[in-house]
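Enquirer: Sequence:
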Amino acid sequence: MAEDRATAGMVRVVVNAGADEENAEGMQEVARGLIGQVPRASKYQPRLFFLTSEQAVIGYVDYLDDHDGPYASGVQALQILEWAEDAQRVVSRADRRATRGRYAEALGEWDELLEQDRRVSHLIRVALGHTDAEEPTDDTPASPIFQGLREAKFAEYEAMAREQLDAARALADAGDDQAAMRLLRNLVRGPEAFSTTAEAKALYDEVVEKLRS
Numbered sequence: 001m002a003e004d005r006a007t008a009g010m011v012r013v014v015v016n017a018g019a020d021e022e023n024a025e026g027m028q029e030v031a032r033g034l035i036g037q038v039p040r041a042s043k044y045q046p047r048l049f050f051l052t053s054e055q056a057v058i059g060y061v062d063y064l065d066d067h068d069g070p071y072a073s074g075v076q077a078l079q080i081l082e083w084a085e086d087a088q089r090v091v092s093r094a095d096r097r098a099t100r101g102r103y104a105e106a107l108g109e110w111d112e113l114l115e116q117d118r119r120v121s122h123l124i125r126v127a128l129g130h131t132d133a134e135e136p137t138d139d140t141p142a143s144p145i146f147q148g149l150r151e152a153k154f155a156e157y158e159a160m161a162r163e164q165l166d167a168a169r170a171l172a173d174a175g176d177d178q179a180a181m182r183l184l185r186n187l188v189r190g191p192e193a194f195s196t197t198a199e200a201k202a203l204y205d206e207v208v209e210k211l212r213s
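Okay, so the sequence shown: first residue is 1 according to our numbering, each after it adds one.
Take the hints with a grain of salt, since some may be wrong.
Stated by the list, open to error - Label pairs and their calculated CB-CB ranges:
1) Arg119 / Ala198: 29 to 37 Å
2) Ser92 / Gly33: 29 to 37 Å
3) Thr99 / Ala198: 16 to 24 Å
What the hints contain is simulated information worked out from the structure, not anything from laboratory work.
Backbone N, C-alpha and C define an ideal beta-carbon position, used for all residues, glycine too.
Required output: the full structure, derived from the provided sequences and hints.
Expert: Spelled out as structure tokens, the structure:
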């Protein structure tokens, strides 16, 4: 079994089932695990598996099959890789928006990305024979490509907003109301689910009242 990394996010693994003695010690168990994730495979031919960095199969090529079967799954895996690379740019853009205090827009980027992730997961499951192509995409579990990251980003962005709110409150207490207002203008437009948003609105009203008096 040979292995190489196509990119940081994807691995190609070739299994030659007809030459067990050529496989490195301990790799047979890995090979059996990969083969068990696909619906069928030639008994004595090499197979090319496309994996995420977490070793989840997203496509494979069985070299004796026609181009409408597993070969097409391999082509699709390369397309998914291209999507995942583009998705990293979306993640970076969301993070940049968050650093500018545009938290709702940043989380909106994540919501759109996870919807794409769900559709990609559906394609993977169909290609591997785990579900029917007619199954509603909404019934497909999210793939491991971005699973759990939206929750992690929510917590990260909310912590950033908390730091800004604390800074705004310190500025207001010190009498620098204009500087406090500059921070609060973004915070009051934050997601309603942030614990900071309601507090920011209350502080904003206090600072506005001070400025008017």
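Enquirer: Hint by hint, say whether it matches the structure.
Expert: Checked hints:
For Arg119 and Ala198, the hinted distance range of 29 to 37 Å is satisfied, since their beta carbons lie about 35 Å from each other. For the pair Ser92 and Gly33, the supplied restraint of 29 to 37 Å holds, since their beta-carbon distance comes to about 33 Å. Range check, Thr99 to Ala198: Cβ separation about 22 Å, and the 16 to 24 Å hint holds.
In summary, this structure violates none of the numbered hints.
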